[in-house]
Amino acid sequence: MQNNIIALIEEIKRTANGLSQINIMEVCGTHTMAIGKNGLRQVLPQNINLISGPGCPVCVTSISDIDNIIELAENPCNYIFSFGDMLKIPGSKSSLYKKRSEGANIKVCYSPADAFDFAVKNPQKKIIFIAIGFETTAPLTAALIEKAYETKTNNFFIYNTHKIVPPAIEFLLNSSNKNNISAFLCPGHVCAVTGSRPFDFISKIYGKPAVISGFSAEDILKSILMILKQIKNNKPEVEIQYDWVVKENGNPIAIQYMDNIFDINDAIWRGIGNIKKSGLVLKNKFRNFDAKVSFALKDVLVPEPRLCSCGEILLGVKKPFECRLFGKSCKPDNPVGPCMVSSEGTCSAYFKYEKYKT
Amino acid sequence: MCVAVPAKVIKINGNNAEINSMGVIINIDISLVPDVAPGDFVIVHAGFAIQIIDNEEAQKTLEMFKNYAE
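If you're matching them up, the sequences are chains W and Z in order. Numbered continuously in this note's numbering, the first sequence closes out at residue 358. Numbered continuously in this note's numbering, the second sequence closes out at residue 70.
It should be emphasised that the hints constitute simulated quantities derived from the structure, not laboratory data. One or more of the hints may lead you astray.
Below 25 Å or equal to it, Euclidean Cα-Cα: the simulated DSS-like pairs (lysine-lysine) are [to be verified]: (1) Lys60(Z) x Lys11(Z); (2) Lys60(Z) x Lys37(W); (3) Lys247(W) x Lys93(W); (4) Lys235(W) x Lys247(W); (5) Lys247(W) x Lys60(Z); (6) Lys147(W) x Lys60(Z); (7) Lys204(W) x Lys247(W); (8) Lys8(Z) x Lys247(W).
Derived contacts from chain Z toward chain W, CB cut-off under 7 Å, selection only [stated by the list, open to error]: (9) Ala4; (10) Phe48; (11) Glu57.
Positions of the beta carbon are idealized from the N, C-alpha and C atoms, including for glycine.
Using the sequences and the hints, build the whole thing.
This is how it looks when you write it as structure tokens:
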């Protein structure tokens with residue numbers, strides 16, 4: 001395997017030779033982690049610049065949502081089930097971690113099915129699952145909502161923050177004068193569900209190369225090479241490197257689940273703002289399962305922390321090193337902005353793996 | 001967040017399946033891949049199989065994970 005990697009790096013160097021500066025955005029937080037962990041930024045030729053994108057769902061969850069979830073946790077009748085990453089995020093006043101240490105019913109789950117099973121076994125308790133994530137995770141929530149509807153499990157709710165990736169990429173492309181993205185490394189597990197077609201616009205409308213990549217060092221290097229070849233041959237298209245997992249039409253059953261349960265609506269991405277048609281909301285038929293509706297919660301506009309550059313970092317305009325707070329007052333054990341909170345956040349990944357590079 | 005790992009399906013039980021993920025036996029939900037059969041490899045995200053995958057490549061990846069672990 002090591003030999004493959006050395007050969008790939010050599011081929012990348014040869015192919016990149018003579019090309020001008022190429023900015024490749026990795027949209028997915030799991031790619032950001034894999035790139036950092038394997039030191040890939042350090043082995044690439046100087047004219048290849050990898051930029052991290054907005055693909056960490058925890059990072060783009062608005063402060064208002066965090067405050068609402070904390071409010072739900074303050075009621076002793078409620079049981080909150082969440083993926084672990086959400087707990088550390090500071091809201092405007094507190095965090096789920098703090099609330100849990102004060103005695104709130106907050107449980108970390110590996111699978112959303114754990115939350116549903118708990119609801120079935122405890123009909124007198126109100127269970128709220130924090131539904132977060134992109135197309136990889138949204139079908140799981142959809143399957144459970146369908147189950148809750150069929151079994152009339154009326155004590156099961158979701159606090160829904162699900163978002164979808166293609167509109168965010170389109171938003172980035174429309175503001176590309178600032179971030180200057182030449183090509184995209186597309187998220188492998190999102191595409192395992194959606195397939196490659198929803199990403200076709202990247203090459204067809206915007207004329208940029210895009211490769212759907214797996215998550216090993218070899219996968220990522222192969223994908224970068226595929227992008228370089230597209231640039232060299234001036235033939236931008238959406239290619240699938242992760243082809244043993246990603247099919248052109250994705251997982252049609254998972255897509256059907258999403259279509260049955262969710263409508264598409266505008267959504268607020270923390271640090272970025274409103275992105276049109278980028279959010280998933282429960283269809284009217286299922287609105288009773290929506291914690292925001294059933295517990296009458298509201299969206300309140302909360303300002304971002306002062307001097308925090310997360311917005312520009314999520315858009316690929318700035319690198320973490322260019323933020324005044326990075327590594328000074330903002331560190332993983334005391335994060336100021338969302339990109340430092342989640343382990344897959346751009347700033348957290350840079351702090352862990354790339355902090356010595358200036 | 002979008003982490004997913006390959007695993008081999010051992011036994012199917014309605015909407016659930018027992019899988020072997022790098023030696024660990026886990027019970028997962030297969031609502032999203034209803035056509036899955038014992039012996040297939042699936043990619044698992046947060047307790048749900050999200051896609052049936054190519055057997056040969058899955059085995060290669062599992063080998064690679066094993067090498068990392070060693």
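Each hint tested on the structure:
| no. | hint | verdict |
| --- | --- | --- |
| 1 | Lys60(Z) x Lys11(Z) | holds (22 Å) |
| 2 | Lys60(Z) x Lys37(W) | holds (21 Å) |
| 3 | Lys247(W) x Lys93(W) | violated (44 Å) |
| 4 | Lys235(W) x Lys247(W) | holds (21 Å) |
| 5 | Lys247(W) x Lys60(Z) | holds (19 Å) |
| 6 | Lys147(W) x Lys60(Z) | violated (35 Å) |
| 7 | Lys204(W) x Lys247(W) | holds (19 Å) |
| 8 | Lys8(Z) x Lys247(W) | holds (19 Å) |
| 9 | Ala4 | holds (5 Å) |
| 10 | Phe48 | holds (5 Å) |
| 11 | Glu57 | holds (4 Å) |
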